[in-house]
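Student: Residue numbers (this note's numbering), protein chains in the order written: chain A, 1 to 250; chain B, 1 to 250; chain C, 1 to 250; chain D, 1 to 250; chain E, 1 to 250; chain F, 1 to 250.
It should be emphasised that the hints constitute simulated quantities derived from the structure, not laboratory data. For glycine and all other residues, C-beta sits at the position ideal for the given N, C-alpha and C. Hints are not guaranteed to be accurate.
[Claimed, not checked] Using C-beta positions, here's what the derived DEER-type ranges look like:
#, chain 1, residue 1, chain 2, residue 2, range
1, D, 228, F, 193, 50 to 58 Å
2, B, 163, C, 12, 41 to 49 Å
3, C, 224, F, 111, 51 to 59 Å
4, C, 12, F, 244, 29 to 37 Å
[Said to hold, decoys possible] Dumping the calculated SDA-like pairs for lysine to any residue here, alpha-carbon to alpha-carbon at most 20 Å:
#, chain 1, residue 1, chain 2, residue 2
5, C, 249, B, 197
6, D, 243, F, 198
7, C, 183, D, 49
8, A, 226, A, 184
9, F, 240, D, 199
10, C, 249, B, 200
11, D, 183, C, 53
12, A, 183, B, 10
13, A, 249, E, 215
14, E, 249, A, 205
15, A, 183, B, 54
16, B, 240, C, 198
17, B, 183, A, 56
18, E, 249, A, 197
19, B, 183, A, 9
20, B, 158, B, 111
21, B, 243, B, 1
22, C, 186, D, 13
23, D, 186, C, 5
24, D, 249, F, 197
25, C, 186, D, 10
26, F, 243, D, 200
Listed below, chain by chain, are the residues.
Protein chains: 6
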Amino acid sequence: MLLQHQTWQEVEFYLTHSTGIIMPIGSTEQHGPNGLIGTDAICAETIAAAVGDVADAMVGPTIGVGMAVHHMGFTGTMTLRPSTLIAVMRDYVLSLARHGFRRFFFVNGHGGNIATIGAAFYEIYAEFEGAFGARQDQELVCRLANWWDGKALSDLSKEVFGDQDGSHATASEVAVTQYVLPKTIKQAQMDPPKAPSGRFHGPADYRRRFPDGRIGSNPSLATPEKGQRFFDASVAELAKTYKAFMEEKS
Amino acid sequence: MLLQHQTWQEVEFYLTHSTGIIMPIGSTEQHGPNGLIGTDAICAETIAAAVGDVADAMVGPTIGVGMAVHHMGFTGTMTLRPSTLIAVMRDYVLSLARHGFRRFFFVNGHGGNIATIGAAFYEIYAEFEGAFGARQDQELVCRLANWWDGKALSDLSKEVFGDQDGSHATASEVAVTQYVLPKTIKQAQMDPPKAPSGRFHGPADYRRRFPDGRIGSNPSLATPEKGQRFFDASVAELAKTYKAFMEEKS
Amino acid sequence: MLLQHQTWQEVEFYLTHSTGIIMPIGSTEQHGPNGLIGTDAICAETIAAAVGDVADAMVGPTIGVGMAVHHMGFTGTMTLRPSTLIAVMRDYVLSLARHGFRRFFFVNGHGGNIATIGAAFYEIYAEFEGAFGARQDQELVCRLANWWDGKALSDLSKEVFGDQDGSHATASEVAVTQYVLPKTIKQAQMDPPKAPSGRFHGPADYRRRFPDGRIGSNPSLATPEKGQRFFDASVAELAKTYKAFMEEKS
Amino acid sequence: MLLQHQTWQEVEFYLTHSTGIIMPIGSTEQHGPNGLIGTDAICAETIAAAVGDVADAMVGPTIGVGMAVHHMGFTGTMTLRPSTLIAVMRDYVLSLARHGFRRFFFVNGHGGNIATIGAAFYEIYAEFEGAFGARQDQELVCRLANWWDGKALSDLSKEVFGDQDGSHATASEVAVTQYVLPKTIKQAQMDPPKAPSGRFHGPADYRRRFPDGRIGSNPSLATPEKGQRFFDASVAELAKTYKAFMEEKS
Amino acid sequence: MLLQHQTWQEVEFYLTHSTGIIMPIGSTEQHGPNGLIGTDAICAETIAAAVGDVADAMVGPTIGVGMAVHHMGFTGTMTLRPSTLIAVMRDYVLSLARHGFRRFFFVNGHGGNIATIGAAFYEIYAEFEGAFGARQDQELVCRLANWWDGKALSDLSKEVFGDQDGSHATASEVAVTQYVLPKTIKQAQMDPPKAPSGRFHGPADYRRRFPDGRIGSNPSLATPEKGQRFFDASVAELAKTYKAFMEEKS
Amino acid sequence: MLLQHQTWQEVEFYLTHSTGIIMPIGSTEQHGPNGLIGTDAICAETIAAAVGDVADAMVGPTIGVGMAVHHMGFTGTMTLRPSTLIAVMRDYVLSLARHGFRRFFFVNGHGGNIATIGAAFYEIYAEFEGAFGARQDQELVCRLANWWDGKALSDLSKEVFGDQDGSHATASEVAVTQYVLPKTIKQAQMDPPKAPSGRFHGPADYRRRFPDGRIGSNPSLATPEKGQRFFDASVAELAKTYKAFMEEKS
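Here chain A stands alone, though its shape is the one from the complex (with noise of 0.2 Å):
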C-alpha cells in the first residue's frame, strides 16, 4: 500500500485503524563495477514495499539520496550534507504526523545513512514535543531497521556468499537489484575477484585504498536468483520487526 498510489480519503481511513508508516531510505551512489548507482535506493524502496504489502501498512515515499560524503570520489554518487538529510527527514516526518500518523519505521539501505538517521530521529522528536513540552502526552516514535538486519539475513549470508559478501558494494545487495530490476544486470571483470577490506579516511582515500568502489565483496558472485532470497527473507524479517514495533505499548 504506496502513500503515492492512494486518494486522500483512502489514507484517512489508513489512519482510523493504524497510525504506522513504513520510510524507505537508500542513497545514490556508486557500488563498483556492477552495482548500480541507485542499489540501495532500490533495495530499500522494493522490499519496504513488500513488507506494506506482508504487513498491511501504508509506504511513504522513498528517500532516494542520503549520506554519502565518502563516495564523492566515484563519479554519479550523490549526497546530501547530514544537516540536509536531518531536515528532509524532520519535514517528512512532521507532514504525516499533522494528519496522525505515529509510529515511523524506516528501512534503510545504506549503512552510511544510519548515524544521521539516528540525530534526525531526536531533531523530530525535538521539534515535535517543542521547547516546552507542550506534546509530551502524545508519543510520536521512529524507528530504523537496516533490510539485511537479523540473523535470518547474516546466516543467508553466510551460506550464499561465504566470506565473499563484503561491507560495500556486497554481492547481496547486488543480487537484490538484479532480481527486482533484471534488465538492469551488468556483465564487468573484478579484478580482484574479491575487493580489498579496511577502513579509509575520506573520499580520497576512499579511492586510493579500493579503486573500484567495492569493499570486501565479490558481487560477480551475484544472480537474481540468490537476490530472491535475500529479498525474501529480508522481507519476513522486517514484517515481523514491523508487526513488534506497532504492538509496543507506550
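Position chains B, C, D, E and F relative to chain A; hints supplied.
Tutor: Then chains B, C, D, E and F, alone, in the frame of chain A:
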C-alpha cells in the same frame, strides 16, 4: 538512461560526451477523489524517464516530495518547507556538478513547486560561483520545464477535455497516471462533476472552498488512453526543449 | 500612510478598521548606463507610497536589496541569497502579524524577486500555521503585485516606447525614476541604442552577452514626463488590485 | 553620494579612489506618543547621507528594520531575529566586497542593534577569510558608529534637554526626525512629562514599566530647530570619524 | 597535555611532531538517584586527560552538553539539538584544522551522542573538502571511541557488577565519578535495587517506564575503588586505540 | 553548587526556592607568551563556581569555546562562529527553562564574547516568547556580567599593575589562572615588557601588530598572590550583582 540504473563507470563515460542531466521533481499531495497522492511525482518521473530515452540523456533521481503547504489540510499530503527544498536541490545539483555535470533540466510535475525551484536555482548559482566569483569562468545552468508546458499540450487539453481539465487534480494529470499505472485506477463519484474554480487563502481556506481537493477539474473524464496522448505529447515537447537547452551557447 | 511615519498608537487605531498593509520590495542592482542602481527599490517605494495614499492603506518599510545574483558581474550590485530574503520576509510579516495585520500586499519592483517571494510566502504560511496547524482557523494572506502588471501598463509601454521598452533597465522604469528623482537624471551614450535581447547563463554570461547591463531596452528614450504616465497608471492599477484583495472573503 | 542613485559605471569609478562605504542601519519600532515608528531608520538614513556628502563617500542602502524584540509589545514594531540580521549584514557586505569595497562604516540609529552588529562583524570576517584563512592577506574591516556618539553630542544633549533627553524615544531623536521630516510632527500629551527610567525584562515587562513606550525622556521638548543642531553636530562628528577610519593603516 | 593549559607557542611546537588531538565529549543529564548530572562529561573529560598523559597527546576542551533530548523529562537535564551539536563539532574541528591538526580522536561519555557524532563527522568532511573537492589531497580524519569500548571493559563490568551494571546511570560510570570526584558521592535509596530494562519512546515515555531515571542498573553498588579499576582500564584501552589511530596511513 | 555535581532530584529541590542559575562562558584562544589558551574559560569557570558558593546559587556547565575569530592567526585558538554560539546559548537556556529556571546570569571571561552574547539573549527571548507572544506572561531574563566589571576591579588593576594590565592577555587574568592553577605557571620572556596597544583589522592584521598576541599588557608582572586578590574581589562583586539581579521584580 536512469542515473540510478548505471554503474559509476557508465556515468563517467556519459560525461565524456554530455554534461546535461534531466532532474524530475514532483509532489506528494492530495489530488481529489480519484487522483493519486503521488500524481505529480509519478508524472514527472515517468515523463522524465521517457524524455531521457528520446533525447539520449541521463535522468537523475526524482525529488518526490515538493512544496505543498497549501494542501496540508488534506490527509496524506506531505511537504518540504521551501527552505528545505532549496537545500535539497542545492545538494543534488552541487553533488553532480562535482563530477562535471553542468546543465540541469528540471522536469516538474507540480505548479506549487515553481517559485521555490526558481529561488533554488539562484541559491545554487550563488554557491557554485562562491561569494567572490572564483568559479565565474564556468557556467552551471539550471532550467525549469513543466510537463504541461507548450502550445501542443494546451491545445490537447482543450481538444480532449474542453473547459473541464481544471487547475488542480486535473483530468489530464489523472489520465497520465492511469496510463502509466493502470492498476491504480480509482472509481469515485465527483460532486459536482466539475469542481469550482478560484483563489484561496492558506490550507484551511483551500479546504473550505474546495472540499474534495479539486480545483476547476472534472477528472472523472480521465482514461488511460487519453493519458497516453498527454504523455506522448509531453515527452515529444520536452525532448525538443531539452535539446535546444543543450545547444545553447554560453 | 507610511508605517515609519506613524506613532504606535496610530497603528493601533488603523488596525481597528483594516488588517491590510502594503509592502514595497525592490532591488539594488545595475540598470545600464543611465539607470540608477536603486531603480527597482525607488520604483517600488514611491509607487507603493502613492497606492497607500489612494487606497488609504498602511505602507511598510521597503525591502531595498533583493535577489540579484545574476547581476553580480556588474559593480555596485547587491544581493541577498534567496534563503536570506525568505528569512527577512518571514520576520517582516510575522512581526506585523503579531499585532494583528493579516493581509500583506507586496508591491514588487524587480522580476528577479518573483520566484523567491513566492517561496517566502509558503515559508511564512507554514510558520504562521505551525507544524500542527494550530492557528489554521486564522488566515494570513500574502499577495504579490509587480508595479508593471496589467493590461493598462503593457498598453502604455507599447504606446510610449513601441518595441524599445525592453526587459532589463527598461525605458519605462528609468523614466519612473526620472520622474520621482529628477535630480538624479544621467546622460549616457547607448551603443547600440536598443540593447540585444535573449537568455543568459549566470553572472559572467550575462555580462558577456549584455556588456552594458541592458536587455532589449533603449532607456535613452526615457523622460520624466513619460515616467509620470507610467507612475500614475501603475498607482491606479495597483490601488484597484489592493482593494479587490482586501475585499476577498476567506 | 547614494549608491542607489549611481549607475554601475559611477560605482566602478568611485572604487578607483576609495574602497570605503557608509552603511546606515536603523530600526522600525515604537518611539512613544509623539515619536515615529521609523525614528531610528530615518535618523540613520538622513545623517548617513549627509556624512556621505561631507566626506565624499558612497552611502549604501539603509537597513530599515533592526533588532527590536524588546519593543514587540507595542503595535507596529517590527524586528528581525538576531540571526536574520546577521545574515542580512553578511549578504550586504560580501556583495559589496566582491566589487572591491573593503571598509564598511555602519551609521547606527538604534542602541538595540549594537550587540547584533558586533556579532555580525565577526560572522562576516569568518566568512570573508574562509575557514582556512585563504583570503587572510586581504583585510575587510567593519566599524560601528552610533549617530549620538562622542562628547560633542552628549554635551549638546545636556545643554538642550538637561536631564530630559532620556534613553528611548529621546527628545533628541524625535527632534531630528522633526527637522528632517517636518510634515510628520505629532502632537501628543505626555503623562508624566518625563518618562520613568530603569531596566526591563522582556517585551511584556517593558510595556508594564513604560506604558507609553518612552524611557526617561520628555520628547514634548523636541522642536525641528533643536533637531537641526543635533543633526549638524552628528554629521560633523561622524564625518571626522569616517575619515579617521579610512586613514587607518592595515 | 590540555590545550587549555598550553600557551600558543607550545601548541605550535606540538604540531611539529603530531597532528593528533583528543576531544572529550559528554552530556549533562540525569543519572538516577545517586549519579551526577555531569556524569558523562566528567568521565569523558577525566579519562581523556589521562589518555593524553599516557599517549603524550594534546587534549582539547570538553563538549560538556551533548544530545540528551530523551532525558528532558528529568529536571536539570540539558541538551543541544542534534543540528546544534553538529555545528559545534564542525567549528571545533575546523578551528583546529586551520592550525594544522588533522586527526581528531573523540572520547565519548554518552551513548546518546553516538549517532549525532557520526553525522557531524561527515558534515565536517564535506565542509573540509569543499563542495568541489578542492582540499581532497589532504585528509582530515575523525574517530569516535567510547570510554567503555572494548572487551577489557565489558569483562570488567561482568566481573565487578555481574548483571547489575545496566545501560543508563550504570554502576560503572557512577563509580568512575566517585573515584575522580570523591566529594560528590551521594547516598540514595534505590527502589528496586536493579532498575527495569527495555526500550522507550520519547521523554515522557522514558520517565513513565524508568521513574528514577536508571535503566537496568544498580548504581548503589558503585564505590570509588571500583571506579578506579574502570578508569584505569579505560585509559589503557583508549591509549592503545589512539596510538593505532595515529599510526594508520592515509 | 555545580549543576553537573548534583543529582536531578537535587536540582528539582533547588527550583523550589530559586529559579536563578549562573552560567560561565569563556574562550579558548591565545593569551600571549605566558598566558594559557584556556585563560578566559578558566577564569569564568572558577570565579563562577565561587560566586555560586557565596550566593548559594546553582552554576551551569561552562561554555569553554567562545567567539575568537580575531585570534585565529595564532596556533591553538578555537572559535565558534557567532551564529553557532547563539545556537548553543539558545539550547542551554531553553533546556533549563523547560525545568523552570528563569534567571540566567552569565559570568563572562572574554571581551570578544560580549556582542554575540547580547545578540543571543534576544534570539532566546524571541524563541521563548514565540512569534505570537504566547508565553509573554512569563519572563525569562538573561544578564551578562564580566568578571572584571565594576569599580573595585578597575581600582585594583590600577593599584596592582598601574598602566601595565593591558587589554588582552592582561596581567590580571594571567595572575588569576596562576592562582587557581599554580602548576600551569609558565616562564617566558616578554619583548617589549609592555606590549603595544591599539586597534586591529582582522586576524592577519592582529598578528602583524601584536606579534606575540598581547595587547597593552605586561603579564610578566603576574603572580598567584596578585591573582588571588583579583579572584576574591571579582567573586565578591559578582555575588552582589547576582543577588541584586535575583531581587529585581518583573
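Student: With reference to the structure, classify each hint as holding or not holding.
Tutor: Now for the hints, and whether the structure bears them out:
Between residue 228 of chain D and residue 193 of chain F the Cβ separation comes to about 51 Å, which falls inside the hinted range of 50 to 58 Å. The hint said 41 to 49 Å for the Cβ distance between residue 163 of chain B and residue 12 of chain C, and at roughly 48 Å that hint holds. The hint said 51 to 59 Å for the Cβ distance between residue 224 of chain C and residue 111 of chain F, and at roughly 54 Å that hint holds. For residue 12 of chain C paired with residue 244 of chain F, a C-beta distance near 35 Å keeps the hint of 29 to 37 Å intact.
Distance restraint check for residue 249 of chain C and residue 197 of chain B: the Cα-Cα separation of roughly 15 Å lies within the 20 Å cut-off, and the hinted pair is therefore satisfied. A distance of roughly 17 Å separates the Cα atoms of residue 243 of chain D and residue 198 of chain F; the hinted pair therefore holds under the 20 Å criterion. At most 20 Å may separate the alpha-carbon atoms for a hinted pair to count; residue 183 of chain C and residue 49 of chain D meet this at roughly 15 Å. Between residue 226 of chain A and residue 184 of chain A, the direct Cα distance comes to roughly 16 Å. Compliance with the 20 Å bound is thereby established for this hinted pair.
With a CA separation close to 17 Å, the supplied pair residue 240 of chain F and residue 199 of chain D stays within the 20 Å bound. Pair hint residue 249 of chain C plus residue 200 of chain B holds up; C-alpha atoms about 9 Å apart against a cutoff of 20 Å. Proximity of residue 183 of chain D to residue 53 of chain C is assessed by CA-CA distance (about 15 Å); at most 20 Å being required, the pair is judged to hold. Taking the CA atoms of residue 183 of chain A and residue 10 of chain B, the gap is about 16 Å. The hint holds against a cut of 20 Å.
Simply put, residue 249 of chain A and residue 215 of chain E have alpha-carbon atoms about 17 Å apart, close enough for the 20 Å limit, and the pair holds. Under the criterion of a C-alpha separation no larger than 20 Å, the hint pairing residue 249 of chain E with residue 205 of chain A is consistent with the structure, at around 10 Å. For the suggested pair residue 183 of chain A and residue 54 of chain B, the alpha carbons sit about 19 Å apart, so the restraint of at most 20 Å is met. With a C-alpha separation of about 19 Å, the suggested pair residue 240 of chain B and residue 198 of chain C falls inside the 20 Å cut-off, and the hint holds.
As the CA atoms of residue 183 of chain B and residue 56 of chain A are separated by approximately 18 Å, the hinted pair is consistent with the 20 Å bound. Under the criterion of a C-alpha separation no larger than 20 Å, the hint pairing residue 249 of chain E with residue 197 of chain A is consistent with the structure, at around 15 Å. Restraint check for residue 183 of chain B and residue 9 of chain A: satisfied, since their Cα atoms lie roughly 18 Å apart, inside the 20 Å limit. A C-alpha spacing of about 19 Å is found between residue 158 of chain B and residue 111 of chain B, which places the hinted pair at or below 20 Å, so the restraint holds.
Taken as a hint, the residue 243 of chain B and residue 1 of chain B pair is honoured in the structure, with Cα atoms around 16 Å apart against an allowance of 20 Å. Distance restraint check for residue 186 of chain C and residue 13 of chain D: the Cα-Cα separation of roughly 15 Å lies within the 20 Å cut-off, and the hinted pair is therefore satisfied. Distance restraint check for residue 186 of chain D and residue 5 of chain C: the Cα-Cα separation of roughly 10 Å lies within the 20 Å cut-off, and the hinted pair is therefore satisfied. Between the alpha carbons of residue 249 of chain D and residue 197 of chain F the distance comes to roughly 15 Å, so the proposed pair stays at or under 20 Å and holds.
Our distance criterion of 20 Å between C-alpha atoms is met by residue 186 of chain C and residue 10 of chain D, whose separation comes to about 10 Å. In summary, the hint linking residue 243 of chain F to residue 200 of chain D is supported, as the alpha carbons are separated by about 17 Å, within the 20 Å threshold.
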